[in-house]
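Peer 1: As given, the protein sequences belong to chains C and V, one line each in that order. In terms of full-length UniProt numbering, the first sequence opens at residue 1 and continues consecutively. In terms of full-length UniProt numbering, the second sequence opens at residue 1 and continues consecutively.
Since the hints were made in silico from the structure, they are not lab data. From a predicted model like this one, the values you see are computed outputs, not experimental measurements. Just so you know, not all the hints are guaranteed correct.
One copy or two, it doesn't matter: identical chains are merged, so the pair holds either way.
Claimed, not checked - Pairs of lysine to aspartate or glutamate, DMTMM-like flavour, derived with a Cα cap of 25 Å: (1) Lys158 - Glu276; (2) Lys289 - Glu130; (3) Lys155 - Glu78; (4) Lys137 - Asp204; (5) Lys54 - Asp87; (6) Lys62 - Asp354; (7) Lys51 - Glu242; (8) Lys16 - Asp119; (9) Lys82 - Asp119; (10) Lys62 - Glu265; (11) Lys51 - Glu61; (12) Lys62 - Asp113; (13) Lys277 - Glu61; (14) Lys277 - Asp341; (15) Lys310 - Asp87; (16) Lys185 - Asp113; (17) Lys62 - Asp272; (18) Lys82 - Asp301; (19) Lys249 - Glu130; (20) Lys249 - Glu11; (21) Lys67 - Glu152; (22) Lys75 - Glu28; (23) Lys67 - Glu57; (24) Lys67 - Glu265; (25) Lys67 - Glu284.
Protein chains: 2
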Amino acid sequence: MDSENKNFNPESYIRKELYSFLPYTPGEQPGLTTSTIKLNTNENPYPPSPKIGKAVEGVLEKGLLRKYPNYHSRKLQELIAKDFDLDPNQILVTNGSDEALRLLFQTFVGPGDVVVAPDPTYSYYPVLTEQMMVGAKYLAIPVLENLHFDLEALKKSKGKLLCFAHPNAPTGIAEPKEELLALVKSFNGLVLSDEAYIDFAAPDTSLIPHTKDHPNLLVSRTFSKSYALAGLRVGYIVGSLETIAWIRKLKDSYNVGILDQVIAETSYADKDYFLEKRNLVIQERSRLKSNLESLGFTIPDSSTNFLFCKPKPGVSPEHLYLSLKEKNILIRYFSYGICKDYIRITIGTKEENDTLFQTIQTFL
Amino acid sequence: MDSENKNFNPESYIRKELYSFLPYTPGEQPGLTTSTIKLNTNENPYPPSPKIGKAVEGVLEKGLLRKYPNYHSRKLQELIAKDFDLDPNQILVTNGSDEALRLLFQTFVGPGDVVVAPDPTYSYYPVLTEQMMVGAKYLAIPVLENLHFDLEALKKSKGKLLCFAHPNAPTGIAEPKEELLALVKSFNGLVLSDEAYIDFAAPDTSLIPHTKDHPNLLVSRTFSKSYALAGLRVGYIVGSLETIAWIRKLKDSYNVGILDQVIAETSYADKDYFLEKRNLVIQERSRLKSNLESLGFTIPDSSTNFLFCKPKPGVSPEHLYLSLKEKNILIRYFSYGICKDYIRITIGTKEENDTLFQTIQTFL
């Protein structure tokens with residue numbers, strides 16, 4: 001054994017930017033065997049389309065698993081394109097929307113570039129900015145006291161890329177589409193509208209149709225939430241033909257597996273089932289909001305499948321979070337900035353929401 | 001519509017390193033309905049484990065698709081670790097081995113760093129070096145005339161990372177393990193042994209067990225070839241606890257879906273089926289090699305599921321490739337360097353190999 005080699009220290013070989021890099025912190029994962037009520041990662045409380053079983057059988061029977069999947073997830077591209085009257089090549093299907101965001105950043109965010117975003121928003125954006133390891137800067141523009149975007153400040157900001165979640169997370173608030181489009185028009189760089197939760201918002205609030213006449217606009221989506229497919233890794237990003245072609249250059253050849261492609265296609269095409277479950281979540285959101293408000297919670301109108309709740313004065317959100325955790329109910333608590341005054345609760349099934357409500361009632 | 005915005009030109013926003021970046025070129029994908037014999041991307045000719053069907057049903061029945069998968073693909077980590085007597089955290093499960101390679105490069109390959117590799121080898125390494133967009137350099141060390149690694153030149157080379165496929169692609173040659181370990185010991189940087197095809201090599205030739213006492217050694221693997229799961233995206237990388245912990249910092253939270261995890265686990269655990277099909281491929285490899293040699297082909301001993309074949313003098317490999325394509329048989333032809341004198345043929349089923357052989361015989 002070579003002694004130099006025995007003493008090999010990986011730290012002296014890794015890129016120095018990684019020393020201080022802190023990865024994104026996903027929600028806790030309790031053991032699968034527990035009776036935990038899991039309302040901490042915005043998963044859908046209902047199962048995905050029942051048509052999936054047969055579609056999966058088809059893949060196995062046709063012996064497709066041994067073959068490489070289509071590079072472009074072509075059928076899914078076409079289904080989505082048809083819905084929005086777009087060219088299929090305006091859609092890049094990715095391994096979750098996380099991959100879409102990573103590719104977008106990698107394509108555009110170079111040394112010294114500035115990424116602008118409201119604060120709070122999806123906390124993966126600052127992580128990605130760091131992760132590029134090119135010395136890019138992250139400019140966080142605080143939301144207003146009412147938790148809405150500070151649109152004036154965002155419009156005045158300068159940067160290579162402006163990112164926001166629409167509706168926003170963790171606030172759940174959807175800004176008016178016209179305001180967002182005005183922001184897209186005025187921003188002197190690319191704008192990402194991250195629409196992970198848009199299916200729970202009012203109809204026709206997505207910015208996807210506007211990618212046609214706003215060449216600096218990109219929209220990302222995921223199958224994880226509204227399609228109840230967090231267990232798959234499928235998302236996509238929509239933009240102009242040219243912008244998407246640049247982003248596509250950086251993706252792995254086969255980034256989305258055949259089962260992921262077929263299950264996403266099947267779920268996407270089963271529109272009746274999708275709408276039924278989506279509407280159930282929206283109904284439950286309204287019911288849970290009223291119930292919690294009756295206990296003194298302040299909750300902005302949510303356009304997502306979660307509620308961002310400020311308990312009544314004197315009740316510590318962190319204490320409430322920990323107390324629910326003891327009772328086997330997981331919600332999300334973020335200990336930074338204005339978020340530390342709130343808890344985020346994913347909409348569960350009627351039964352889960354009732355158990356949550358009763359447990360909070362007892363706690364108070 | 002803002003006129004400045006209408007004229008938005010993505011090219012002025014993308015990172016300048018992307019202008020000249022050429023993505024990896026995967027093998028051609030014929031339409032799924034054709035009767036094409038596809039021997040161009042080293043897919044397994046046999047189906048994956050028949051136990052997969054029930055495992056998939058289990059995932060659907062338990063309603064796991066709506067939930068986020070385990071971050072670490074924990075069960076798969078544990079199965080692999082047990083086989084090699086490693087700590088599960090020495091294994092990072094990834095979205096295909098492509099993701100493993102990307103994360104490895106991203107962790108270690110910074111501005112001005114040198115990546116060393118034999119030439120030819122897996123042509124994704126130079127693509128990745130470019131893709132890092134940090135001004136890293138790629139140093140290709142030509143193989144010897146007999147297509148074996150130039151071990152002396154590799155030992156003398158200096159760089160941050162040395163990558164090779166073991167067995168090598170597209171040559172199919174496995175260098176003696178002792179020679180590779182000597183190279184690992186002498187190289188003053190990290191060494192990646194990319195073992196995509198190792199299951200088709202002689203037993204006990206993997207470098208995985210040696211990650212225990214060679215802290216600068218990393219080994220990548222994939223389920224695409226020997227496990228007949230190219231349709232999934234599952235691979236992994238093995239190294240010291242410390243090195244893997246650094247690489248893990250950069251992965252997306254949920255990089256491998258629940259179906260991918262469960263199917264990979266099931267296939268990995270079904271060792272009898274695996275060995276049976278692996279042995280069939282090895283038998284066919286030997287038979288096809290003899291047949292082609294009887295037609296004057298020169299073929300190095302293959303430790304993979306493909307043959308790297310030089311036709312007899314006077315026969316153009318490119319012409320042969322195109323002629324087979326016309327007959328609906330796809331093989332791989334690389335038009336650069338020494339590869340341009342060869343064709344690469346994936347081992348198919350007995351019937352596919354016979355059709356291929358007869359078609360070549362007729363062509364000659």
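Peer 1: Taking the hints in turn, state whether each one holds.
Peer 2: Each hint, compared with the structure:
1. Lys158 - Glu276: Classified as neither; 42 Å inside a copy, 61 Å across copies.
2. Lys289 - Glu130: neither (36 Å within a copy, 51 Å between copies)
3. Lys155 - Glu78: neither (34 Å within a copy, 50 Å between copies)
4. Lys137 - Asp204: Intra 33 Å, inter 49 Å, cutoff 25 Å: neither.
5. Lys54 - Asp87: Neither: 29 Å inside a chain and 38 Å across chains, both beyond 25 Å.
6. Lys62 - Asp354: between (44 Å within a copy, 23 Å between copies)
7. Lys51 - Glu242: neither (35 Å within a copy, 44 Å between copies)
8. Lys16 - Asp119: neither (27 Å within a copy, 30 Å between copies)
9. Lys82 - Asp119: neither (34 Å within a copy, 45 Å between copies)
10. Lys62 - Glu265: For lysine 62 and glutamate 265, both the intra-copy (17 Å) and inter-copy (21 Å) Cα distances are at most 25 Å.
11. Lys51 - Glu61: both (16 Å within a copy, 13 Å between copies)
12. Lys62 - Asp113: Answer is neither: 48 Å inside a copy and 46 Å across each miss the 25 Å cutoff.
13. Lys277 - Glu61: between (30 Å within a copy, 18 Å between copies)
14. Lys277 - Asp341: neither (31 Å within a copy, 59 Å between copies)
15. Lys310 - Asp87: neither (43 Å within a copy, 43 Å between copies)
16. Lys185 - Asp113: within (20 Å within a copy, 40 Å between copies)
17. Lys62 - Asp272: The answer is between: 23 Å across copies meets 25 Å, while 27 Å in one copy does not.
18. Lys82 - Asp301: neither (31 Å within a copy, 51 Å between copies)
19. Lys249 - Glu130: For lysine 249 and glutamate 130, both the intra-copy (22 Å) and inter-copy (12 Å) Cα distances are at most 25 Å.
20. Lys249 - Glu11: Classified as between; 13 Å across copies, 31 Å inside a copy.
21. Lys67 - Glu152: neither (51 Å within a copy, 38 Å between copies)
22. Lys75 - Glu28: between (34 Å within a copy, 18 Å between copies)
23. Lys67 - Glu57: both (16 Å within a copy, 21 Å between copies)
24. Lys67 - Glu265: Both. Shortest intra-copy (18 Å) and inter-copy (18 Å) distances satisfy the 25 Å Cα cut-off.
25. Lys67 - Glu284: between (42 Å within a copy, 19 Å between copies)
Violated hints for the displayed structure, listed by number in ascending order: 1, 2, 3, 4, 5, 7, 8, 9, 12, 14, 15, 18 and 21.
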